[in-house]
Amino acid sequence: IYSKDKNNAISDLITHSTPRQDFFLFLIFSVCMSTIGLLQNNVAIIIGSMLIAPVLYPILGIAMGTVMANKLLIFRSVRTFFSSFILAIGAGALVTLFFHIPANGDFFELTPELYLRITPTLADAAVAVIAGLAASFALVKPQLSESLPGVAISVALVPPLAAVGIGITQLDLAIITGALIQFLINTLGILFACVTVFSLMNFYVKSDIAEEVIKEEDKELKKINGKK
Numbered sequence: 438i439y440s441k442d443k444n445n446a447i448s449d450l451i452t453h454s455t456p457r458q459d460f461f462l463f464l465i466f467s468v469c470m471s472t473i474g475l476l477q478n479n480v481a482i483i484i485g486s487m488l489i490a491p492v493l494y495p496i497l498g499i500a501m502g503t504v505m506a507n508k509l510l511i512f513r514s515v516r517t518f519f520s521s522f523i524l525a526i527g528a529g530a531l532v533t534l535f536f537h538i539p540a541n542g543d544f545f546e547l548t549p550e551l552y553l554r555i556t557p558t559l560a561d562a563a564v565a566v567i568a569g570l571a572a573s574f575a576l577v578k579p580q581l582s583e584s585l586p587g588v589a590i591s592v593a594l595v596p597p598l599a600a601v602g603i604g605i606t607q608l609d610l611a612i613i614t615g616a617l618i619q620f621l622i623n624t625l626g627i628l629f630a631c632v633t634v635f636s637l638m639n640f641y642v643k644s645d646i647a648e649e650v651i652k653e654e655d656k657e658l659k660k661i662n663g664k665k
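Take this note's numbering: the final residue in the sequence shown is number 665, and no numbers are missing along the way.
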């Protein structure tokens, strides 16, 4: 892997995981679509929601920061990740309250698509690891960058968060727990694979590049916030 490609990968990763307003706006769009898709058992809507979901990048950032032992990148990525986590669950709950119309009075219907998101299996863990491997290579190799949306679809990070929101509105502990476990499995699988790949690619020597990009992004954020 060329040094230039590595530098570009670090820059893209940090830029796409910076907690800007557009990042969280697209996250909300994604969760809203995913929640409606789960409630209506509409696969096309769920797939569409995953195409615009930006949650994958903070996870890649955590993996990259871990390999570099870069506290600044880890803290930044973790903060974005947990902010996304809370916002996504809240958005899922609100959408459920506003758009869910029970089929039979107060009876909540557990759709097949929702059931898939609350029943994690060993296969889900395998898919998460494979998706993490694919995401790592796609991030570093420019010619493979078009594959990242496909990776986001395969690992399905947003639907479990939407399912948690649905479970909260129904006060259903089984839905909440199952969806959280699914999300945790997906996240850990991606992290494990990405840390492995980034380590093998010797990204730990690029910590100074990451700090430079972070400083530039922080300057841009201050400019944006200062204009308000």
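Check before you lean on any hint, since a few could be wrong.
Computed cross-link-like contacts, DSBU-like style, restricted to lysine-lysine with a CA-CA straight-line distance of at most 30 Å [unchecked claim]:
1) Lys578 with Lys656
2) Lys443 with Lys659
3) Lys508 with Lys443
4) Lys441 with Lys659
5) Lys508 with Lys659
6) Lys643 with Lys443
7) Lys443 with Lys660
Derived from the structure by calculation, the hints contain no laboratory data.
Status of the hints after comparison with the structure:
no. : hint               : in the structure
1   : Lys578 with Lys656 : 27 Å, holds
2   : Lys443 with Lys659 : 26 Å, holds
3   : Lys508 with Lys443 : 19 Å, holds
4   : Lys441 with Lys659 : 28 Å, holds
5   : Lys508 with Lys659 : 21 Å, holds
6   : Lys643 with Lys443 : 8 Å, holds
7   : Lys443 with Lys660 : 27 Å, holds
In summary, the structure agrees with every hint in the numbered list given earlier.
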